[in-house]
Amino acid sequence: MELTAQGLVKQYPGVRALDGVGLTLRGGEVHAVVGENGAGKSSLMKILSGAARPDAGVLTLDGQPLVLRGPRDAQRAGIRMIHQELSLVPELTVAENIFLGHEPATRGVIARRTLVTDARAVLDRLGQEAIDPAASVRTLSLAARQMTEIAKAIARDARVLIMDEPTAILAQHEADALFAVIRQLRADGVAVAYITHRMDEVYLLADQVTVLRDGRVVSTGALGEYNRAEMVRQMVGRELAGGFPVGSQSAGAERLAIEGVSSGRVRHATLQVHAGEIVAVVGLVGAGRTELLRAVFGAAPITGGTMRLDGAPYAPRSPREAIARGVALLPEDRKAEGLILAAAVRENASMAVLPRLAAAGVIRRGAERAAVVHWIEALRIRTPSQEQLVRMLSGGNQQKVVLARWMLAESSLLLVDEPTRGIDVGARAEIYTLMRDLVERGAAILMVSSDLPEALGMADRVIVMRDGATTAELQRSEATPDRVAALILGEVA
Amino acid sequence: MIRGRSWARVGDYALAGVTAVEALIFAAVAPGFFSVANLVNIALSIAVTGILAVGMTAVMVTGGIDLGVGSVVALSGVAAALAAVHGAPILTALVAALGVGVLTGVVNGTLIAYLKVPAFVATLAMLTAARGLAFLVAGGRSHGDLPDAFGFIGRTSVLAVPTPVFVMIGVMLVGAFVLQRTVYGRHLYAVGGNAEAARLAGIDVRRVTWWVYVINGVLVGLAGLTLASRLGAGVPNAGVQYELDVIAACVVGGTSLIGGRGTVGGTLWGTVFIGVLTNGLNLANVDPYVQKIALGVVIVVAVIGDQLGRREQGG
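Chains as they are written, first to last, in our numbering: chain A, 2 to 494; chain B, 1044 to 1358.
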């Protein structure tokens, strides 16, 4: 089995996403496709999965020309794509989703029992005994949904599997389970194209590597031919300054104090954040980290405990009240919760402070533009203009737009949920530097990260959450990966 | 101001161009189309729907809809007529019509924004209830024989242009300004574009939503008053199916049914386009049944054209 692409060109308005890209996927190999956002990975994968048609270039499957007029053609050829944004129907069951469009049926009537037993078999093959095929997807965790998505992809004869950052929303042990599944599929002779930003995963999984940059192939070859620094250098086109920016000062006055707070899954969470420090909350998916941030932001009701902000009682009943006190949230799911994708950079950035940029309810357009331009430059947001639709920006620049909104609002306590989820390596370093700069200038950051190196690299203090409760607190110097991992899993006292 | 805003880049100009072509065709085939009298006639025929379409655009930008506008037009018209026989006719009619609009708007807004009833359902209920109430209050009949002053907004003209046309133009100018230049207008787009992101940016989504139905209600009351004044009577079965004409005008003008996108400029051209179409087909003696079919086709073609246009912008 061999799927090749040659000379692919894809032109979008204002940007040549692919400029003569070639790729060869072979059965029984995992081929990592790496590159910054905007390098052309997504465009390449869209073409391979039939979701987009190239302006030039050809595909071949086992030497035969392959023309994909749509995703259905790709599926017929055995090519399956697992999207970063999952494509499940929440109201249907796991089994119904897995066989969506290919339901076992007699004369149009779905064979319900076969459906469930077949789904069970597929899930078992992935080692997902815990997922109930009869459960509706709406009730599943993100990780279980991801596994369902993979089950859906491999349920029918899959020859090529394309995965777009599949671990972005998974905790470490869930990612490990996924890797085992991928190795199993490789052993079964499936060709896997694996898009990722994470070097660790490339080294864990890949046989072949292709590095893309600015719509071109920088290099391609066996994993053994690469070393890490070289690969990163090829991706970003420059040397990384290395490591995480470290704070130079000791923490200042207490900004936020949470005492015994409960909200949804969160039970009796207690922690403090001081001016000038970054506090990272780590834990498994479902430990209540995101819920805690949302409660602090007034976006979820608090059912117990108390909070203080700058020494004064703090009980926001809405995000509006939290924002008025200088609190900001950079949500994990930027596209669903952070941004209006169909709106311009300007409109997204000014969203929280419009009244301040207005006179008698009328927006002062000059003031708005000036304010937004200032932060576009200060945060180095790469956009052709402030009128560009946010949808057209890369993940890193989208995150910066959200950050610009809070800079405009003069927020000084930032709640940052998965700051670099879906953001490429080069832009990550920029986000880290921006976060560190903010606290150096007196802000405080409470962040949640599932990426342990990131959490430990950025944090001045680490809070461990387990089953909704804060279970441990470590200074930066004490927070070794092994120790924190053990605390996350609850394996040590 | 008419131009599409950046997050609602709609082919306003394109639609204006299509409307011009449409007018040229009718000028060629329909005698008398380009007479001053007929152009005034067209303007008058779209005045009431034009007023309603501005409110509907704002509602649809938030992702909502108002199916009850035709019934509330009738109810406010009846209320205005009944009130006009008491006191100073202009004042009492105005208060009654706008009052009905505000009240129905408050009911809609409260149901939709705070009680989370889907807008489709809440305003469908209003469509039925307001129509029933209009007949009930009117005792099942029209109320004419009103003081002459009642014609103040519907039967007067300035420089040979009927007053309702000026009312429509005024409403559109104010509507365009509010949608494009004010904080409230921007919040409407934010709520319709992504309600959760808007909420997390500190926008009071429920309040913004509540107000859009109340403001829309005021415009519906104004439209009801204008229509009743023009008819010289409160007619309980006036405005039947207006909601469909109004939504059609908005959609043809590029307003999205799922929210976040739409402009008063686009809606203006949508309204004009449909008004010209109806008028031209009438003058060309096209069978009224065929006219309805033509309108249906036009709506679908306009939406398809809009979709294709946006895809080419890299959607």
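Think of the hints as simulated: they come from the structure by calculation, not from any bench. All figures in this text were calculated on a predicted structure; none of them were measured in a lab. The C-beta atom is built at its ideal place from N, Cα and C for all residues, glycine as well. Among these hints, one or two may not hold up.
What follows is a list of derived Cβ distance ranges for each label pair [said to hold, decoys possible]: (1) B/Ile-1347 / A/Val-247: 52 to 60 Å; (2) A/Arg-114 / B/Gln-1284: 48 to 56 Å; (3) B/Val-1344 / A/Thr-140: 36 to 44 Å.
Example chain A residues on the side facing chain B (calculated, C-beta under 10 Å, incomplete) [to be verified]: (4) Arg-121; (5) Ala-300; (6) Arg-335; (7) Gly-362; (8) Ala-470; (9) Ala-473; (10) Glu-474; (11) Leu-475.
Now the hints, each set against the structure:
Under the hint 52 to 60 Å, the C-beta atoms of B/Ile-1347 and A/Val-247, about 57 Å apart, fit the expected range. In this structure, A/Arg-114 and B/Gln-1284 meet the distance hint of 48 to 56 Å, their C-beta atoms being roughly 49 Å apart. The hinted window of 36 to 44 Å between B/Val-1344 and A/Thr-140 holds, with their beta carbons roughly 43 Å apart. Hint status for A/Arg-121: violated, given a least beta-carbon distance of 35 Å to chain B, over 10 Å.
Among the interface hints, the one on A/Ala-300 holds; its C-beta lies about 6 Å from the nearest C-beta in chain B, closer than the 10 Å criterion. With its C-beta approaching chain B no nearer than about 9 Å, A/Arg-335 sits inside the 10 Å limit, and its interface hint holds. Here the hint on A/Gly-362 is kept, as its CB sits about 5 Å from the closest CB of chain B, short of 10 Å. Against a cut-off of 10 Å between C-beta atoms, the interface hint on A/Ala-470 is violated, since the closest Cβ of chain B lies about 25 Å away.
Hint on A/Ala-473 is violated. Least Cβ distance to chain B is approximately 29 Å, over the 10 Å limit. For A/Glu-474, the shortest C-beta to C-beta distance to chain B is roughly 28 Å, which exceeds 10 Å, and the interface hint is violated. Because the beta carbon of A/Leu-475 sits about 30 Å from the nearest beta carbon in chain B, more than 10 Å, this interface hint is broken.
Checked against the numbered hints above, the structure violates hints 4, 8, 9, 10, 11; every other hint is satisfied.
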